[in-house]
Every structure is written in C-alpha cells, then in structure tokens.
Amino acid sequence: MAGVTLETVRKIYAGNVEAVKGVSLGIEDGSFCVLVGPSGCGKSTLLRMIAGLETISGGAIKIGDRVVNEVEPADRDIAMVFQNYALYPHMSVYDNMAYGLKNRKTPKDEIEKRVKEAARILAIEPFLDRKPRALSGGQRQRVAMGRAIVRKPQVFLFDEPLSNLDAKLRVQMRVEIKRLQKALGVTSIYVTHDQVEAMTLSDKLVVMSGGQIEQVGTPGEVYRRPETRFVATFIGSPPMNILPGIVEGPGRVSVGGQSIAVTDMKDGLAPGAAIEVGLRPEDVQAGTTGASSLTMDVDFVEELGATQLFHGKVAGADFVVQASTGQIAADTRKLTLAVDPANVHLFDPQTTKRLGRA
Amino acid sequence: MVENRPFRTFMAYLTLIVGVVVVAFPVYLAIMASTFDTATIINGNMPLTPGDQAPENYTRALFYGGKLAREPVSMMMVNSMIMALGIAFGKILISILSAYAVVYFKFPFRKTAFWVIFITLMLPVEVRIYPTYKIVADLGLLDTYTGLIMPLIASATGTLLFRQFFMTVPDELLEASKIDGAGPFRFFKDTLLPLSITTIAALFVIQFIYGWNQYLWPLLITTQSSMQTIVIGIKKMITTTDALTEWQIAMTTAVLAMVPPVLVVIFMQRLFVKGLVETEK
Ligand SMILES: Nc1ncnc2c1ncn2[C@@H]1O[C@H](COP(=O)(O)OP(=O)(O)O)[C@@H](O)[C@H]1O
Ligand SMILES: [Mg+2]
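Order-wise, the sequence lines are chains A and B.
Numbered by our numbering, the letters in the first sequence go through residues -14 to 343 in order.
Numbered by our numbering, the letters in the second sequence go through residues 74 to 354 in order.
With the rest of the complex left out, here is chain B (with noise of 0.2 Å):
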C-alpha cells in the first residue's frame, strides 16, 4: 500500500543498519583495541575512541612479535600471502586446465573424469586429513611452502564453474578459430582465456581468502616458526591465562590480518567490473 511505502523503507533501513552494526562492531572494538596497552584493555574500561598506543604496537607487531609467539607479523604475513597467492593461482591453473580438457578434448570415459574429480575433490582437506598428511610427510615436505599449498590446489569448485563457463561459450568461436589456424593452445590463449577473466578474478577473490584463513592445515605441517602463517600467530599470542595475553598484539595482528584480503577484494572489484564492462559473449 502507497502510504505505508515510507514506513517500509525506513523498516527495511533499519533492519541493514543494525545488520552492519552488529557485524561491524566486533571489528571496530578489535580495531580500538589495537591503539592501546594492556592495562587498559584488561581492566575493561576501554574508550571507544582511539587511544595512542597506535604506533607503538603496530611497530612491535610487526617487527618483534608478541612475548608468546615471538615471530614478527610482518614474517607471518609474508608466510600467508605465499601460501593464499600459492594456493589462489594454483587453483585457478589447474582447474581452468582440467575444465578445458574436460569440455574441449573428447576422450574415452571424459564424464567419467569429470564426476570421479568432482566427487573426489567435493571432500575438504578436513575429511582427508590423515592421508594426505601421509603422503605430505612422505615426501618429506613438511615444514616448505610446496607442503602447505599443494594439497590444497586441487579444487573441484574451480573445475565446476570454468566447466559451467566454458558450456556457455558458443561452439562457433572454436570453430572459427580452427578455420583462422588456431591449434588447441591457441584456441586457449588467444580466446578462451581473455573470456575466463571475470571468472578468473572471482575465483581469485574467494580462493585467496580461503588460502589466506587456513588453520587446520598449516598447524599440522609446520612446525617451525619461521613457518607459521598470521591466522595461527594470530591463535598462539591468546592464552587461557588473560593476564598473560597481550591483547593490544593480538587486536593488532588480527587487524593486520584483515588487510591483505580487503585489499584483494577491493582491487578485484575493480578489475571484476571492468571485466563486465569490457567483455560480452
């Protein structure tokens, strides 16, 4: 009805505002946190307003590291971004392969294929812990980044959308490309792959933030603190002992934490946009 249109907005308004404040605050209280020392984070009377302890942590932080995990966050980062950069491309190679040879090259059981990768890989790393650890510290790859990355490339999400992708480009283009002298590779470099771009930059965005908060993984098959990713770090500095946590760190690394994969999404958006802009099959 016309006249209660106002009240309705106003409703659905306020039903996103409290939506974003109940999400947002946690995060900005962890961002408040980081701007002070302990004392006042402990005795539970910490302002809303930023303090001045800014600068202090965040050099600590990212330099020397917390009294627990005494690894500076800046290594830690650079640990998680190879591992979430590893992880993301990885993914994306293998799986715009695999969906290229399962839509474009017709061989014998090619379905078969397709439903043995896709049952298989639907199973997460969690639910294939045991054995794949097995063979992880067979190969002697504990502890190395090739140990933390390879067995979670494989990616049967990634085969499934650039084979739903790959459905919807016309058989005319390949067919045109045949007649223009275009091999498979070609074919593939040339047309395939400026198409997969928006698909591609989607997938990177949800695979580096999966790459990037991985937890179960690392804390197996890294032992050594040089080794150890953000997220964990992020788990060592909070003890049960409160007095002992050193929270205005752990707020700290846990801000810095968010950074790289905002980051990603922002910039993605761009490219993702453009790519919407730009191309059309």
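Only chain A is shown next, with the shape it has when bound in the complex (with noise of 0.2 Å):
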C-alpha cells in the first residue's frame, strides 16, 4: 500500500485553459481523503491525472515513492469507480469484475476467488451471471466498487460515484464506502462537489476552489477554523452567515452598531477597519442574551422537522438562524441573539482569509 503525493501539479487544457494551478498535498497511506469543491473547480482533472487519463502539464505525482508521470494508467496501480460506473454492457457481472485480472494474465483460480470474495463483501452474489442492464443503480454501483476491489490495489480513485443514486441510497452508499474503504485499509482519493459528503467520508478534506486548494484538514478543523471564506460558506449546512462589521479594539468587533466579543482574532487591527463576521446559523443561540447580542429581524420561518430555520436580516444583512422546533414561536418578528466570542469568524474584506490568531 501507498500514499500519494502531489508536487504543484498544474493542468492547463487546449487554449490555455489553466484547470488545477499548481496543487500540492501529500495523502497519507491508508487514509481517506476527499476533494470538495463547486462544480468546475478542478477536482475532477485533479483526480484524472492521478489516474493518467490526462497528460500532467507541469509538477509531479508520486504514488508512494515513484513519480508516475510517465506511467500509463493499467501500470499506475489504481483503481477508480466513475461516476456513471462505465460497467461494460455486454459483459456479465462476474466478467465486468474479472476482466482487469484477465488482462493482467493473473490464473483462472485466483480470478475466481477475488470475485467470490468481492462479491461477497458487497452482497452482489445472486447477480454475478447478470448483464449490468439488468441491475437497479445502486446494484451497479456495487459492481463498479467490485470492479475496484478485486484487482487490490494500492490507491482506489472515486468520481462522483453517489451522483446518480437517489437521495436515500446515497447515504446508504456512503456508509458502505466508509465502512468498507476502513475494512480494507486502502488509500482512497474521492470526489465530489456534495459538502455533507465530503464532511461524513473523509478523514483529511481538501476544499477546492478555481483551480486552487482552499484548505485542507481534517473535517472537523475545516468546520471548525475555515481559513477562508469560500471554506466558511461552503462547508457546512445552512452556509455560514457573513456580516459586514467593524474593528473596534483588541478581541471586539461591532455589527449594526452592536458591540461583540471575540476570542480568535489577529492582533493589531486598526480600529475602525472594515471586518466580515461569520456566524454559523446552527452557532447562535436565539431567543437568549450573553456576553454580546445581536437583533434580527425575522421575515420567514423553514420547517425542518426537527429543527427550525429563521430567515430574516441583521444590520442589513441577510442571515438564517437554526433552532430546536418549538424553542422559539414560529410568529416572532423580533428575535434575540447570543454571540459565543468563540464561535465568530472573522475575515479580511479585500483578501477573503481569516484575521484570526496565527
């Protein structure tokens, strides 16, 4: 088994399109690693040049200790599951899986077994003489992962494998993949553009955005400390509020005229700058004062079942607020805020990063 490592590899496409702008990550052996990012950020180029489908147009790859450049990609040691799972039509189940063994003249016996084996792991057993036609989705999703689990190898590559399945099948899916990619202990590369996805797979999560790494960390550090507010408002459902504030002093912002406490901000911010604050709408507690508060003005309410999803403005400013069913009167027109000083995030208007402390 291999990591894999990323040295600024760059991707520029016929008429000077500069898809993935000089990338560097390193994936750890074993670990499951996600990209996320909006669609046409890059993630998919990214992946595919780790899979030698595209020429690399500048910086190296490296699967464990070999630059694989040069290598074509039946030689790359790899494996990857695509979105649309381009299983082949004409071939049953049990060939679809055991053609890359056959191609690499591995003995009928040993064939045999690994396909057993991986259709047992994945309960497809009763389909295997099945024409993938004759499959439900989440069924050829199986065989996909199959198709990737018989030939062992050291990376597995995921395309947006769970776009096709409906909602429920998804998570279900996501489960399996996790349990599984744990089970065999395998370098996992996945991508997609699904945030929640991202967050429940991954251990290390790289945010992607123009081509670009936003951030890479683990799920919880991107939630918690977003380096940047592409991250903030992209990690994390409903997205992070933004609002426009003001440096009042040392670990104090105001917004709307409303003074807030902070702890996680950078030293020596000129007094009277322009701030953004962010607030996670699941961050605020409604209904209550403390230390600092806010006012909303509330315009609607979105019924969530368990929870409750007030929209409306604060210092003019559009902002969602989350809250227990039933905490709050769905009539309320006027709500309280109470800021935890831990839970604001602060960023810079011009360069979009975080002023928090180094």
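It should be emphasised that the hints constitute simulated quantities derived from the structure, not laboratory data.
Taking lysine-lysine and the BS3-like style, the derived pairs with C-alpha atoms no more than 27 Å apart in a straight line are: (1) K90/A / K137/A; (2) K101/A / K251/B; (3) K116/A / K262/B; (4) K137/A / K116/A; (5) K251/B / K116/A.
Short derived list, chain A residues pointing at chain B, Cβ under 8 Å: (6) A64; (7) A71; (8) Y73; (9) Y84; (10) R89.
Here chain A is said to cover these stretches of chain B; the calculated rule only asks that three of the stretch's residues, wherever they fall, bring their Cβ under 8 Å from a Cβ of chain A: (11) 237 to 247; (12) 254 to 267.
This structure is a prediction, so every number in the text was calculated from the model and none was measured.
Ideal Cβ positions, reconstructed from N, Cα and C, are used throughout, including at glycine.
Starting from the two chains in their separate frames, assemble the complex, guided by the hints.
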C-alpha cells in the first residue's frame, strides 16, 4: 500500500484553460481523502491526472515513492470508480469484475477466488451472471466498486460515484463506502461537490476552488476554523452567515452598532477598519442574551422537522438562525441572538482570508 | 373523430394492401412463370396458378443454363455470392477500422482525413469508373474476384455509420478499459466490437444486397463466362427477339437470384433483434 504525493501539479487544457493551478498535497497511506469544491473547480481534472487519464502539464505525482507522471493508467496500480459506473454493458457482472485481472494474466482460480470474495463483501453474489442492464442503480454501483476491489490496488479513486443515486440510497452507499475503506485500509481519493458527503467520508478534507486548494484539514478542523470566507460558506449547511462589521479594538468588533466579543482575532487590527463577521446558523442562541448579542428581524420560518430555520436580516444583511423546533414561537418578528465569542469567525474583506490568531 | 375511426382504419389497410399487391404481383408472376414452358408463357395466356414444369426448369437453369448464356446458374450464384460476401465483409472491415482510427486516435489532420474519406467515397463507382477500371486493368486484375470486389469495398457510408455509433459509446468505457489494462487492440476486440454487433448486422444486410445487385462493374471487368455473376446472367438470357428468349429459364434465374438476399434479410433480422435485446449502452 502507498500514499499519494502531489507536487505543484498543474493542468493546462488546450486553449490555455488552466484547470489546476499548482496543487501540492500529501495523502497518507491508508487514509480517506476527499476533494470537495463547486462544479468546475478542477477536482475531476486532478483526480484524472492521478489516474493517468489526463497528461500532467507541470509538477509531479507520486504514488508511494514512484513518480508516475509518465506511467500508463494500467501500470499505476490504481482502480477507479466512475460517476456513471462505466460497466461493460455486454459482459456479465462476473466478467466485468474479472476483466482487469484477465488482462493481467492472473490465474483463473485466483480470479474466481477474488471475484467471489468481492461479491460476498458487496452482497452481489446472486447477480454474478447478470448483465449490468438487469441491475438497479445501487447494484451497478456495487459492481463498479467490486471491479475496483478485486484488483487489490494501492489507491482507490472515486469521481462523484454516488451522484446518480437517489437521496436515500446515497446515504446508505456512503456509509458502505466508508466501512469498506476502513476494512480494506486502501488509500482512497474521493471527488464530490456535496459537502455533506465530503464531511462524513473524509479523514482528510481538501476544499478546492478555481483550480487551487483553499484549505486542507480534518473535517472538524475545516468546519471549526475555516481559513477563507469561501471555505466558511461552502462547508456547513445551511451556510455560514457573513455580516459586515467594523473593528472596535482587540477582541471586539461591532455589527450594525452592536458590539460583539471575539476570541479568535488577529492582533494589531486598526480600529475602524472594515471586517467581515462570520456566524454559523447553528452557533447562535436564539431568544436569549449573552455576553454579546445581536437583534434580528425575522422574515419567514423554514420547517425542517427537528429544527426550524429563521430567515431574516441582521444589520441589513441576510441572516439565518437554526433553532430546535418549539424553542421559539414561529410568529416571532424580532429575535435576540446570543453570540458566543468562541464561535465568531473574522475575515478580511479584501483578501477573504481568516483574521484569526496565528 | 371517433365515428370515423373504423373507416379510416379500413382505408389505411386498403392502401397498404394495394401497395403490397402492386409490389408483390410481378414477383408472383415471375415465380409462376418459372413453373411453365416457353410456349405457355409466349402465347400470352399464362395461368396464375403454378404449372408442372418447375423441377425441369430449375434443374436446367441450375445445372445447364439457358441456350443463350450457357453457364449453369449455380456457378453464377457462386460468383455472385463470393462477390457479395467479399464486398460486405470487406466494407465492414475497412469502415470499422477507419472509423475506429478517426474516433479514438488523435493524429494530426484527423478531421481532414475523415472529410477526405467522406467526400471521395461519396462518389459511387459509376462516377469514378474510368480511373478505377484503368487501375484494375493495369494491376492485371480483370476477370478476378479481387478486381471484382476491391474497388467496391471502400465505403463512406460504413465509416460514417460506425463513426456515429462510436461517438455514442461513453468515454468512460475507454477509460475503464485503460485502467483495466486493455490496450487499443483489446479495447476494440473486447468492448467496441461486441457493442457494434447490431450496427455490423445492419451494414452487412445493406452491403450484401448492394454487392449482390452490382451490374455495371462486373459487366465491365469480367469477360470470361466462368466469372459471370447472376445479375449479368439474367440480362444475357433476355434478347430483343422475343422468340429466342427462354422466358421460363430467365424467370427461374430471376427467382433464384432473389433467394440469397431474402435469406440474408431473414437470418440477419434474427441476429438484429437478438443484438437489440442483448446489448445496451
Ligand atoms: N477536456 C477539457 N478541455 C478543456 N477544458 C476542460 C476539459 N475538461 C475540463 N475542462 C475545464 O477545466 C475546468 C475543471 O473541470 P473539472 O475538473 O471537470 O471540474 P469539476 O470536476 O471540479 O467540476 C472546467 O473549467 C472545465 O471547463
Ligand atoms: Mg467533475
């Protein structure tokens, strides 16, 4: 088994489109790394370069200690699961899984052993003789994973493998992929635009935007301490509220004339400077007052069952608050919000970078 | 309108039936004519029910030929068969390979290559007949099967058909094959070819019939009677002087000429449907 190392990897497509702009990243052996970002941010391109399906315009990709820039996909010891499964339509499920092994001249009994085992793990034994067209979406997905497993590769690559499934199946398969990856311990790189998938699956979360890495960390780190405004609003649902504010002094900012205490604030910010104040909808306590508090004009309420979302305005900017159902009357027009200084995120309005302690 | 429905259905069927009768009647007449002797056909009062000369006519046509074209029809059929199969398989082979190259390999002027193939081959044999004849003659291929088949093999239709089909095959299949360790040849053999079965069957039917019905080209390049094809044979059996034409033999040959294309259609139709049921992208 092996880790994957990217060293200032770049991809320039024909027509001078720079899809990946110098990405460096180390993925530890056996870990589950998720690349997440909005559509068009270059995550598929990066994954396909690791797979060897796209040429590398600059930098180096290493699998283990070997630079694989010039290595054919088949010789990189990777397996890939595609978004639309890419099963061979004319081959049975068994042959779909066996094909890669046959091409590698694996002995017949070894092929059979591995396919049977993968089929058992994935619970697709009853379908081995069927053609892919006679399977449901979820079953096809399993076959696609089976095809990857039987190869016993160094690295699994997934490109949005769940986006063709319905919502319920997606959650179920997500759990299965995670369990499987833990059981097999194979280094995995997974591409998705869905931040919930990204948070739940990853050991290492890589947030990308515009061909560059915005932040790398554990899901917890990225959620608790987003390094840029982009990450702050991309990770977490509903997204973080961003309010315009002004620096008052060390550890204090004001939003629409209301003063707020902040724990994580960079030293030496000039009083009176503009600043962006980020608050997660789930991090503010509605209906109470605390050390610092804000007032909100409520426009409407969204019911989510266990929780309610209050939409409205704070200091003229859109704001969303999450509260347990029943905690606040649904017809409330004015809310007081208690703000914990530890939950306030500050960003530079120009560079959009976090203005926290080093 | 609802009350008009039965009448309209009736009219639709009537039109179809009339159409079928118009098309089928001459064929029926030919089949009937192949069961009488010359005298019965010539006097203009041939019955529309089968006569008793069928065994005699078919044996004579197949094994001895007519008075004018003295070659047995069985031999002509073998020639036609070789030519039609040669053309059909040759066209499929050439066009599937050129389409594969044009779609899956990135070489300079790939688009240009495709359009050049396309434009030059849009011209049928009849248009480029002189240069083609000259080349075949200079190569000493007159009166050979190679000369008969080769100039008709190159096919823009086939290339286009396969190109369109290949472009509907998802790129991910190629990529999955690459990762599964299949090179260009294996991908072609293991994935593309099995997926193309229906297209191949369709093309085979069209090209077999095209090859079987060739008239001008075989007429030009074959001089020996042993190289004669059945379509030429029929023509030779019919002369301007009615009295000399052995109509029953000509009709028998015509009926025999219809058999292989009909069989191909019937047989291929099965494969066709089977292919449609079994493969899916
Ligand atoms: N084959 C290609 N040729 C040119 N540009 C491409 C090609 N593939 C992708 N791109 C561009 O590269 C950027 C990143 O694409 P991609 O990696 O597919 O994004 P993502 O998977 O994050 O949605 C996009 O702007 C896209 O338009
Ligand atoms: Mg993508």
